[in-house]
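Number of protein chains: 2
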Amino acid sequence: MERALINQAVNFINQEIWVWGWIHKIRKLGGIVFIILRDYSGFIQGVIENQTDLSEELSIGTVVKLKGEVVKEERAVQGIELKIKEIKIQSRVVEDYPLQINKKKISANLDTLLDYRSVSLRYPQISAIFKIQAQIAKLFREYLITQNFTEIFTPKIVCAGAEGGSNIFKVEYFDKTAYLAQSPQFYKQIMVGVFERVFEVGSVFRAEQHNTARHLNEYVSLDYEMGFIENHLDIMRLENNLLIYMLKELKKTSQEEFKFFEMEIPFVPEEIPHLKLREAQSILEKNYHKTCLGEPDLDPEDERLICQYSKEKYNSEFIFITHFPSDKRPFYTMDDSEDPGYTKSFDLLFRGLEITTGGQRINRYEDYLTKMKKLRMNPDNFNFYLEAFKYGMPPHGGLAIGLERITARMLGLANIREASLFPRDINRLIP
Amino acid sequence: MERALINQAVNFINQEIWVWGWIHKIRKLGGIVFIILRDYSGFIQGVIENQTDLSEELSIGTVVKLKGEVVKEERAVQGIELKIKEIKIQSRVVEDYPLQINKKKISANLDTLLDYRSVSLRYPQISAIFKIQAQIAKLFREYLITQNFTEIFTPKIVCAGAEGGSNIFKVEYFDKTAYLAQSPQFYKQIMVGVFERVFEVGSVFRAEQHNTARHLNEYVSLDYEMGFIENHLDIMRLENNLLIYMLKELKKTSQEEFKFFEMEIPFVPEEIPHLKLREAQSILEKNYHKTCLGEPDLDPEDERLICQYSKEKYNSEFIFITHFPSDKRPFYTMDDSEDPGYTKSFDLLFRGLEITTGGQRINRYEDYLTKMKKLRMNPDNFNFYLEAFKYGMPPHGGLAIGLERITARMLGLANIREASLFPRDINRLIP
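The listed protein sequences correspond, in order, to chains A and B.
Numbering-wise, the first sequence is residues 1 to 431 according to our numbering.
Numbering-wise, the second sequence is residues 432 to 862 according to our numbering.
A few of these clues could be false.
Said to hold, decoys possible - Simulated crosslink set (DSS-like; lysine-lysine; CA at most 30 Å straight-line):
hint : chain 1 : residue 1 : chain 2 : residue 2
1    : B       : Lys496    : A       : Lys248
2    : B       : Lys759    : B       : Lys535
3    : B       : Lys535    : A       : Lys371
4    : A       : Lys104    : A       : Lys170
5    : A       : Lys138    : B       : Lys535
6    : A       : Lys170    : A       : Lys248
As the list claims (entries may be wrong) - Pair by pair, the computed Cβ-Cβ distance ranges are:
hint : chain 1 : residue 1 : chain 2 : residue 2 : range
7    : B       : Lys744    : A       : Glu49     : 52 to 60 Å
8    : A       : Leu247    : B       : Pro810    : 55 to 63 Å
9    : B       : Val525    : A       : Met377    : 45 to 53 Å
10   : A       : Pro379    : B       : Thr543    : 18 to 26 Å
11   : A       : Ala213    : B       : Thr577    : 55 to 63 Å
12   : B       : Lys744    : A       : Glu16     : 30 to 38 Å
13   : B       : Gly462    : A       : Asp175    : 38 to 46 Å
14   : B       : Glu680    : A       : Asp175    : 30 to 38 Å
15   : A       : Pro98     : B       : Pro727    : 34 to 42 Å
Rather than coming from a laboratory, the hints here were simulated on the basis of the structure.
Think of the CB as a built atom: it goes at the ideal place given N, C-alpha and C, for glycine as much as any other residue.
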């Protein structure tokens, strides 16, 4: 009883096969029972005629092995159906499903979907999100490896926060207090001194108090860091090429999954436009009557509007904003000597949301000491990090892409939680 | 001033090129200065003749761009050297290196190497460990993707430990207490209900009090979990094939890095031998005069001896031990109905060390309730997990490979810390 994957059934017309999976839908019409079976490769319609006892113990979710003859049936998916001859039950359900996972439209609200996560993930249109997410992570790594980056694994339990501020979780580490890494920033910079070009795909943790549709308290960060750059534009150019590669490949591999979302797979221009923060703010004031010039960052509405502008003016759903003010970026950010008070930093906005933060970093030991003195930070707390700069570090920089954010924006999901298998927020620690 | 990578220099004989990197070694002989330059692709010898002022500001670690003519020189690495014409200093060192990173033999002890991690990682024989580690992680994912596994990202901040016991870290999660995931166990099982076959490469955390050469408090776990298995042998067979693939590929990609370790890239037999725990213990008693029959696990010496036995008897450096006693494995482990009191569980030992734990899991809701009652666990604390089994779950199982452990064993490293970029142990939270 060799198994056939459902998406291979079409190769067995007029033959008997075994398929294994979950009952996804079941419908009785007079003496005939129609079922839809799901496995990880797809869905197939099965028909039980004249022996309805076969179906007596089946309900949504029952795990079965089915034997049947594959026949042509133009009205069914793939143009085939299975005339069922035998059913072996592998596992029964204990309760009826709390969600109707076989409906085209999801009627439950997000909280319910997250509460019953082991069930809601069985909606085809929800599992598709995570198929695409897996693909995004894979393509991120794949591209960077072609560009001679080395993958690294850095600790998540750390002695100091990299991003400053109070949004950091405390861990009881034996008799010490430790923290959860807000980013792999310090470690990826240290690793530039070793491998020059490094990347990491790993969990990061932010103790954000606010509960918004844009924030998670734990997320997956796609990080890279590269040495011997001229300036921040090199990092942006590499991200531009990375996105071109990712989207080109997604078009090949993930058309089926994208269909659920009525979204175009986005087009990435050869050169994503970039504006200095101040230029963007002037445009927002002039074109959209906002009052924002002089603010240290764009607010959510600004981000939406400048993306709208970028789409109309440059036909790009992506836009880089550069030169955030020096006192609003983390201490390791490189100032632009040609634009005093501003940094060689950038955000990438995509469909109204920031999905990347990056920039050139300070690379000289003395410059760190000067910067820390200015910010009244104690360098002694960062010895393990500063050490790397004592012993020769080239000009370098990097960025981080939020995996859930890029997934959500690509698929037009309204809430970032939809792009996390088991999201963590201020109220949600379960499931 | 286009850059040439050092490992490409050999294609530019009698031409001038620019190479960029770190001064790895510098030696003055009369009027001649020899330097070795390192970039991420390799090492090259450079020579400065008749203009020693060029080298005045150079020391170990200085970051430079060098212009020179590539000439044949049989005595140098790659059979070439660079006649240096011009040097641009990118970044100076502030202090002399605390370690002699250009020596063939590392004389510093492990604590010193870990204290000065940003420097010690610049030893070629240390960075090679992490080149290989990156490759192992890549090959793990690559193989599983060919076997239709989907990558998942599960939370590391959790509400309950998966592995039981007290070795779990507490996190202050706003006004709640949360924990750091000991493994993605619960979540990967839930995901079998969605994708049938899943894998994750992620950080896990164990608050082990003991400070041994085999334990880390944070490590990278290579996990997979698969549905519709017959029994634990299916999981072992897949790991067997995974290892064959990994080692075959490592032979192609990582010969250079392996050379540092005087270790053979291990051979993986078509069928890795397996013994029940009791069989292994009988052998240990008979052949090695151990007293261990009836113990619930092998001790470190047992593991070394049974690996020695496997090598001699089966010519395999790998050996599976199966059927650990039911009361010593986590609650989710499937009992073997044909061998009461024992489980369908296994460890994989490699060169004297356990590198994998796995097994078939319980897949029926009622069986979980029965097992938890027996162990006096409260099922209410695990609702989010047990839910998945209410709604139909096929027979399934999986395993976890410790990335640092497999790396260490493959390279013959005596201490697991050597296979972690920035290891965490009871005393070490920095760097």
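Beta-carbon spacing of A/Leu247 to B/Pro810 - inside the hinted bounds 55 to 63 Å or not: violated (45 Å)
Straight-line alpha-carbon gap A/Lys138 to B/Lys535, limit 30 Å: violated (37 Å)
Distance restraint evaluation - A/Pro379, B/Thr543, Cβ atoms, bounds 18 to 26 Å: holds (22 Å)
Restraint status (C-alpha distance of B/Lys759 to B/Lys535 at most 30 Å): violated (46 Å)
Given hint A/Lys248 paired with B/Lys496 - CA-CA distance at most 30 Å: Violated, because 35 Å separates the two Cα atoms, which is more than 30 Å.
Supplied distance hint 38 to 46 Å, evaluated on CB atoms of B/Gly462 and A/Asp175: Between B/Gly462 and A/Asp175, where Cβ atoms are some 59 Å apart, the hint is violated.
Assessment of proposed distance window 52 to 60 Å (beta carbons of B/Lys744, A/Glu49): holds (57 Å)
Outcome for the supplied range 45 to 53 Å, where the beta carbon pair is B/Val525 and A/Met377: The hint (45 to 53 Å, Cβ to Cβ) is violated, given that B/Val525 and A/Met377 are roughly 18 Å apart.
B/Lys744 versus A/Glu16 beta-carbon gap, inside 30 to 38 Å or not: violated (45 Å)
Given hint A/Lys371 paired with B/Lys535 - CA-CA distance at most 30 Å: violated (38 Å)
Assessment of proposed distance window 55 to 63 Å (beta carbons of A/Ala213, B/Thr577): violated (37 Å)
Restraint check for A/Lys104 with A/Lys170, where alpha carbons must lie at most 30 Å apart: Since the Cα atoms of A/Lys104 and A/Lys170 sit roughly 43 Å apart, the hinted pair is violated (cutoff 30 Å).
In this structure, the hints that do not hold are numbers 1, 2, 3, 4, 5, 6, 8, 9, 11, 12, 13 and 14, in rising order.
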